[in-house]
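Trainee: Letter by letter, the chains look like this.
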Amino acid sequence: MKHEGKKLVWQEYQKEIADDHFFYARSCIRQTFFPGSEKVFTKILKDELGKDIYDSEHHTSCTGIGYHADAVPFETTMTVVARQFALMTEAGYENYAASCITSFGLYTEILETWHHFPEVEAKAREFLYKATGREFKIPKNLAHASDIIYKFRYEIAKRAKYRLVDKNTGKPLRVVEHIGCHYSKMFPHKGVGGAEYPYVLTGMIEAWGGEVIDYPERRHCCGFGFRQYIVQANRGYSIACSKKKFDSMEPYEPDMIITNCPGCPMFLDRWQYALSEMEGKTYGKNGNGIPVFTYEEVAGLVLGYDPWEIGLQVHQVPAEPLLDKMGIEYDPGSKFKGPNGEDLGRPIAPSYLKFYKE
Amino acid sequence: MSGAVEKVRFGFSVNKDRQIDYDANLKNVSDIVQKAEPTFNLCISCGTCASTCTAGKFTDFSLRKVILMVRRGETKGLENEITKCMLCGKCQLVCPRGVSTRNLILQIHKALKTGAL
Amino acid sequence: MNRKIAVIGGGAAGLEASSALTSLGFRVVLVEKEDETGGHIKNWHALFPNRRPGVEVLDALRSKLGSDVELFSGKTVTEIKPVNDRFELSSADGWKTEADAVLLTTGFSLFNARKKEEYGYGIYDNVITSAELESAFSTGKIAMKSGEQPKRIGFVHCVGSRDEKVGNIYCSKVCCVTAVKQAIEIKQYLPDCEVFCFYMDMRMFGRHYEELYKEAQEKYYIQFIRGRLSESTEDHTGKIILKVEDTLLGKPLKIGVDMLVLMVGMEPAEITKNLGTQLGLVSDSDRFLVSTDQHISANISEIPGLFFAGTCTGPKNIADTLADARSAALAIAGYFDNNHNKS
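Chains as they are written, first to last, in numbering that gives the first Met the number 0: chain C, 0 to 357; chain D, 0 to 116; chain Y, 0 to 342.
Because the hints were derived from the structure by calculation, they are not lab data.
By construction, the Cβ of each residue, glycine as well, lies at the ideal position given by its N, Cα and C atoms.
There could be a bad hint or two in this list.
What the hints assert, rightly or not - Going by beta-carbon spacing under 10 Å, a handful of chain C positions derived as facing chain Y: (1) LYS1; (2) GLU11; (3) PRO187; (4) SER247.
Chain C with its partners taken away, still in its complex shape:
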C-alpha cells in the first residue's frame, strides 16, 4: 500500500468547512441508538473549542427515512428541508451542520437540485411560504458534523487525555473506519477525501494515534439501507451485509470500528449480537465482539470523558476491552446506573458474545 497515493486522492477532495457559528440539526434516531454522541458533539464544540453552536428545538426530521423508503415525495421533503433552512435563517445563522449522514446527503441533493433547476427551488419557496409563511436563505456552508470534528481534529488531539494506542505495547490501535453511504457516494466532492478513499474519519484516527485498516469490503453498505431493514422479512439481507463486512475485516484483528452515520454503528453493533446468537460466531478475540463507536464517542474518549457519561453502556458489544487497551480509567460499577445513581438492573448476557467482564 502506498500512503502517498491515497494522499494524492485526498487532495482532490477538500471541502470548505465553516469555522464557527453552526446551526445544528440533530438526527431522528441517533439519540436513541447512541444517546451520548450528539451531546458530546455540542460539548466539544462549546466547552473545548469555544464555538458557537445553535441547537434548535423546533426543527423536525428531514424526512430522509421516509424519502428513501419511497413514503415521502421529493416535493414534501424539499419543503420540510426549506423549513429547516428557514429556522437557521431566522436564528441568524448561515452554517448548517447536520448530525445525520442521510440528512447531509439529502440537503446536498436538494441544494444541487436547486442549483441546477432554479424553478424547483422557487416552487419549494412557494410551498414553504404558503404552508408556514416562512422564508429562508440557502446555507453558506453545509457540513456534516463529522466534517467539523475532522476540521478540529488536531485541536482535539492537543487536548487529548488518551490516544488510540495500546497502552501496553505503545502500538497504534487498528481501526476500521466506516463511512455512511450518503456521505460521499452520491456527491464525492462534498465529502472530505471523496467516495473511494474517504478521509474524514481516517484523518481523525491518524490525528489521534490510530492506524486505519483498508479491508476488501470497506465500501460495502453496513446493511441499514432503510428498506432492507424496515421490513422484518428483509432483515436477513441487512444482517448478511454486516456479516460480509465482518468476515472481510476479521483477519486484520481490528480493535474497533468508527462510523459517521446514524444507522451504521447501530447495525454493525447490534448485528454482531444477532450473528453470535444465530451462528455462534463472534468477531473479536476470545468470544469478544469488535466494539463499534460513533466518531463523537471516540473524540469524547480521547478527551477523557467518562465512558458512561457518553452513553457507551448502551452498546451491545461492550466497549471495555478497548477502554482497557487504551488505559482509560472508568468505574465498572457505574455502567448500569442511571443519571442519579439509581441501579438500572443488568441485561441478560448473550449466549456467545462476551458481555460481562470476568
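Place chains D and Y on chain C using the hints.
Mentor: Then chains D and Y, alone, in the frame of chain C:
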C-alpha cells in the same frame, strides 16, 4: 447469568451470499474436463448451442452456462443439471468455435462423478 | 524551390509521413518534442498481433527518412501561425521555422490510470498499467513489488475507454488485442501463472486478432470473464481482490490476483489539445481533432494548408496510423497541385 439459554428467535436468517467466491471454489472439475476435452477452452459464450438446444426450450438447461459454471467452480447441483441434455448433438453442429460439445458434456458428467469428491 | 512541410510529432505517423512527403518531392522539417523520434512505439517491447519487436518497425520507419528531412528534436511547438499562405512556427524555447504546409502528427497520451481511483493504481502495490507491463517485458523481469513471481494476473480492459465517468465515451481500439497479446506473453514468461482478462466486449477488429484470441484460449488457457471491474482492494495478504460481475452467469464474482494490469486507453496528447486550441481548430466531444470530412478528407483540417495524420484524430493501431500518414502526404501533394492550377 449462566444456565439454559433460550434460543433467540429473530424471525429471519442470514441471507446466503450469491457472489461467486472464485478463490474459495474448487476448480478440479474444470481441470479434469480441460484435459479430457481441450476444446472446452475455445468457448466464447456466444450461446448458439443453447439457442438450438431442445432441452433448453423446456428446461433452464444451457450448455453455455454449464461451461461457465464449471470454469468458475460453481459445480453444486450441476450433476443433475447436465442430465437434461439428451446428447442429440445439434449444439456441436452449430458451434462456431468447433467445441466438441457432446464429448464435453460426457466429460463434465464423468468429472462431476469422480473429480468433485 | 521545393515546398517545405513542417511535420509536428516524430512518432509513427510523423516518421511515415515525412518519408512519404520526401518521396513526393517535398522538403520536410520534422519537429519532435522528445530527444528521440519514435513516439509510443519506442516504449513498446512487442507489437500485436504477431509479437514482433516494436523496435523493428521503428528502425524501418527511421531508416526511410532521407536527407530531405531536417529533424529537430527536443522542441515543443507551441504556436503555429498562418501568414500569407504560409505558416510560422515557434517552440517553447524560442526556436522558429516557416513552412508552406503543416502536418499535425501529435498523437495521443495514455490515460492516467489514477483517475480510476477505485482501481487503486498508485495506491496498491501491484496494480500496474499495460505500458508498465510492456516495459517489464523489455527487461524480462515480471515480478511483484516483493520480488516474487505472480501466480495469478488479471487484465482489466477499457481503463479510461468507454467510460463517461472519466469523460471518454469512445473505444481506444487497441487495448483488447494488446491485453490478449500481453496475456500470452505473461504465459510465455511465467507458464504457471494463471491469467484472467476482464472485458466488456472483445473487440478483435483487425486481421489475425481473432486468431490471437483463440490462441490465447487454446494454447495458453487464458480465461476471459465478461464483466467490468468495479473496484479493487488489497487484502491482508497483499492480494488484490477484484469485484466484477460475471455478466454471462448473471452473478457478482470476487477473485484475488497477485498483480493487476490496467489496459489504459488513448486520449489526445496535451500538445494536440494545446495546438488545436491555439489554432482555433474544432475538436469533438472526445477532444480529438476533427477533419473536414471523416470519410472523404480525413487528413484535411478547416485551415488551408494544415493537415492531420495519426492518432490526433482518434485512436488507431500502427498499421492504420501508417496508412493515414501516407494518405496525408497525398492530401498535401493534392493541395499544392490544386493551388498551382488555380494560379
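Trainee: Determine for every hint whether it applies to the structure shown.
Mentor: Here's how the hints hold up against the structure:
1. LYS1: holds, 6 Å
2. GLU11: holds, 8 Å
3. PRO187: holds, 9 Å
4. SER247: Status holds, d = 8 Å.
In this structure, every one of the numbered hints holds.
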